[in-house]
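Asks: Read top to bottom, the protein sequences are chains A and B. Under our numbering, the first residue of the first sequence carries the number 1, and numbering increases by one thereafter. Under our numbering, the first residue of the second sequence carries the number 1, and numbering increases by one thereafter.
Heads up, a few of these hints could be off.
Claimed, not checked - What follows is a set of in silico ranges between Cβ atoms, one per label pair, in the way DEER data are often shown:
1) 315/A / 280/B: 15 to 21 angstroms
2) 139/B / 307/A: 45 to 51 angstroms
3) 315/A / 297/B: 31 to 37 angstroms
Claimed, not checked - Think about it this way: if two alpha-carbon atoms lie no more than 27 angstroms apart in a straight line, the pair counts; the simulated DSSO-like pairs of lysine-lysine are:
4) 313/A / 196/B
5) 254/B / 180/B
6) 279/A / 290/A
7) 280/B / 313/A
8) 220/B / 316/B
9) 200/B / 254/B
These are calculated hints, taken from the structure and not from any lab test. Note that this is a predicted model, so its numbers are computed, not measured. We put the CB at the ideal spot given by N, CA and C, even for glycine.
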Amino acid sequence: MQSVEQRDEVEMLSLMLLIRRFEERASQQYQAQKIGGFCHLYIGQEAVVTGAVAAVRPDDYIITAYRDHGHALARGTSANACMAELFGKETGCSRGLGGSMHFFDKRHHFYGGHAIVAAHVPLGVGLAFAIKYRNQDRVTLCFFGDGAINQGSFHEALNLAALYRLPIIFICENNLFAMGTSVKRSTSLKQIVDRAEGYDIPGEIVDGMNFREVRDKVAEVAESIRKESHPAFLEVRTYRYRGHSMSDPASYRTKEELEKYRLDDPIIRLRAQLTREGKLTNEQFDQLDKDAKETVLAAVKFAEESPELPVEKLHDYVYFNGAKS
Amino acid sequence: MREITYRQALNEALAEELERDPNVFLMGEEVAEYQGAYKVSAGLLQRFGPRRIIDTPISENGFAGLGIGASMVGLRPIIEFMTFSFSLVAFDQVVNNAPNMFMMSGGQFNIPITFRGPNGPAHQLGATHSHATENFYASVPGLKVCTPATPRDAKGLLKTAVRDDNPVLVLEAELLYSSKGMVEPPDDELLIPLGKAEVKREGSDVTVVCYAQTVPIALKVAAQLEEEDISAEVVDLRSIKPLDERKIFDSIAKTHRVVIVEQDHPFCGVGAEICYRIQKDIFDELDAPILRVSQEDVPMPYNEHLEHAVLPNAEKLTAAIKRVCYA
Numbered sequence: 001m002q003s004v005e006q007r008d009e010v011e012m013l014s015l016m017l018l019i020r021r022f023e024e025r026a027s028q029q030y031q032a033q034k035i036g037g038f039c040h041l042y043i044g045q046e047a048v049v050t051g052a053v054a055a056v057r058p059d060d061y062i063i064t065a066y067r068d069h070g071h072a073l074a075r076g077t078s079a080n081a082c083m084a085e086l087f088g089k090e091t092g093c094s095r096g097l098g099g100s101m102h103f104f105d106k107r108h109h110f111y112g113g114h115a116i117v118a119a120h121v122p123l124g125v126g127l128a129f130a131i132k133y134r135n136q137d138r139v140t141l142c143f144f145g146d147g148a149i150n151q152g153s154f155h156e157a158l159n160l161a162a163l164y165r166l167p168i169i170f171i172c173e174n175n176l177f178a179m180g181t182s183v184k185r186s187t188s189l190k191q192i193v194d195r196a197e198g199y200d201i202p203g204e205i206v207d208g209m210n211f212r213e214v215r216d217k218v219a220e221v222a223e224s225i226r227k228e229s230h231p232a233f234l235e236v237r238t239y240r241y242r243g244h245s246m247s248d249p250a251s252y253r254t255k256e257e258l259e260k261y262r263l264d265d266p267i268i269r270l271r272a273q274l275t276r277e278g279k280l281t282n283e284q285f286d287q288l289d290k291d292a293k294e295t296v297l298a299a300v301k302f303a304e305e306s307p308e309l310p311v312e313k314l315h316d317y318v319y320f321n322g323a324k325s
Numbered sequence: 001m002r003e004i005t006y007r008q009a010l011n012e013a014l015a016e017e018l019e020r021d022p023n024v025f026l027m028g029e030e031v032a033e034y035q036g037a038y039k040v041s042a043g044l045l046q047r048f049g050p051r052r053i054i055d056t057p058i059s060e061n062g063f064a065g066l067g068i069g070a071s072m073v074g075l076r077p078i079i080e081f082m083t084f085s086f087s088l089v090a091f092d093q094v095v096n097n098a099p100n101m102f103m104m105s106g107g108q109f110n111i112p113i114t115f116r117g118p119n120g121p122a123h124q125l126g127a128t129h130s131h132a133t134e135n136f137y138a139s140v141p142g143l144k145v146c147t148p149a150t151p152r153d154a155k156g157l158l159k160t161a162v163r164d165d166n167p168v169l170v171l172e173a174e175l176l177y178s179s180k181g182m183v184e185p186p187d188d189e190l191l192i193p194l195g196k197a198e199v200k201r202e203g204s205d206v207t208v209v210c211y212a213q214t215v216p217i218a219l220k221v222a223a224q225l226e227e228e229d230i231s232a233e234v235v236d237l238r239s240i241k242p243l244d245e246r247k248i249f250d251s252i253a254k255t256h257r258v259v260i261v262e263q264d265h266p267f268c269g270v271g272a273e274i275c276y277r278i279q280k281d282i283f284d285e286l287d288a289p290i291l292r293v294s295q296e297d298v299p300m301p302y303n304e305h306l307e308h309a310v311l312p313n314a315e316k317l318t319a320a321i322k323r324v325c326y327a
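Based on the sequences and whatever the hints tell you, model everything.
Replies: As structure tokens, this is what we get:
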């Protein structure tokens, strides 16, 4: 396994590109009615999960909310399995039984994909509890949005994590809007990170449009946790370019605001950093982007051609009877 | 066999499962240092230590969710609700997370968790503390629900629940914690399968289907009616879900009359489901309409007389039995 510093930044850039192109294609396929239900896109926030994943080990635990496509992809779930899940196919990462909001990948220690706002934060604390119970050298990354911080389960979970000194990093992806309600209109605090202080959990603000800053901060915190178990809180400031979900035109914000953030795009930013440092040429970038687009197109084809779970298997996923298929 | 209380039986079950499997831990309000609000976990902290017997703050949603998360990676939590009336604060975790995970992860994550604690009306606790939650939870696919009425059943069902690979609710009978009964010695492994009812008293004239706190009522009434030449067979469901309809049907095939006495509310109550199944599958066996005795459809009043009027009780059950027997 590569250490944090050695994880190739070019590889991480290509992962961000994969997420971006995947989401764009998902949007298109949704409009073509190949994808049903609710679909929340991660475009604009790529540096958050990519930076965080780059900073931890593959067997550390990761759990998130419903805007989860990027988290699965960053963790190593294939674009094929992710797209097939959106298409509701048996080859999907949740066999087509979860859908956009409920991606899971046990093999990659990705524990979902949870669609009730903040209801998974206690689950993340449970993952961290298990780490400490077994005295393992692991960290849990628990992602959620700014909309989660006013739910009771969030508060109960933070208190429990602090009380039991559990190895968990609460990562608030503050994209400024809980659906259409801005943080200003939802939260009495001036800054979200202050929530952590209320539970005596160390917290910091991180620029979520800057891959390197996210990676370095998560790495620093994870190292501290591995030395001596404790919870930590990061308010990662980011922005989603699209609406809350596919059905949301996001008319609650101005074009100017969106443009401002687009200029600070996390992909452009990392590309510029790498280019400036002579680590990436324009040709190389174009090739990475082309590869990402091709991977995603192939995923659409894979999803389209994949079978659906037959109705006869409907009852196989209600109770576990000791033999997993 | 020796005689122990329902409370002791549960305590033995917990101790034996904690002893057997290092992945099992007990978590809840006052379970450790206080020795359990109802003393079910008495002595466990001393025996197993604070790593495995864990006090929580008053945060039902939080610690229920913690248990579910821990069970995603293979631990087998026993989560105690001080009463199932408080489980409603954690309803989202119990209903939306625990039973859904297996399906929505495409079979990757089963949740081997046990939620346990007292359930059902006790005595003058008022509306908020008197909920019988079995019909809420039994309606959720992915959950299993059992309702032991005797010390033996309490021990055997709890041990089975802990070993089950799915979320199981053990709804203990608050009023029966001090009741006594014969239970095998600790050296004999006592496991009672979920979904198996038991005939607690044989009879030939009428079947009384009951569970949890209504079992002693049914047994008492059956004994009294014997003197009036009515022979009642008492079928204790033991589990609400899965439901042992075979045992119910077999009894009715013998008696052709049935009264269901349940501790929940009448609307969409457990008895409503059982009625449906009886009329659907063994309609021709019936010689009389099915009657149900349940709580009245009102929030629980504090006043003792009014509470008595709301609860299923011996008088109501006796009247219902006589009606179906045309006695």
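Asks: Next, verify each hint and record whether it holds.
Replies: Now for the hints, and whether the structure bears them out:
no., hint, in the structure
1, 315/A / 280/B: 15 to 21 angstroms, "holds, 19 angstroms"
2, 139/B / 307/A: 45 to 51 angstroms, "violated, 32 angstroms"
3, 315/A / 297/B: 31 to 37 angstroms, "holds, 33 angstroms"
4, 313/A / 196/B, "holds, 26 angstroms"
5, 254/B / 180/B, "violated, 30 angstroms"
6, 279/A / 290/A, "holds, 18 angstroms"
7, 280/B / 313/A, "holds, 26 angstroms"
8, 220/B / 316/B, "holds, 13 angstroms"
9, 200/B / 254/B, "holds, 15 angstroms"
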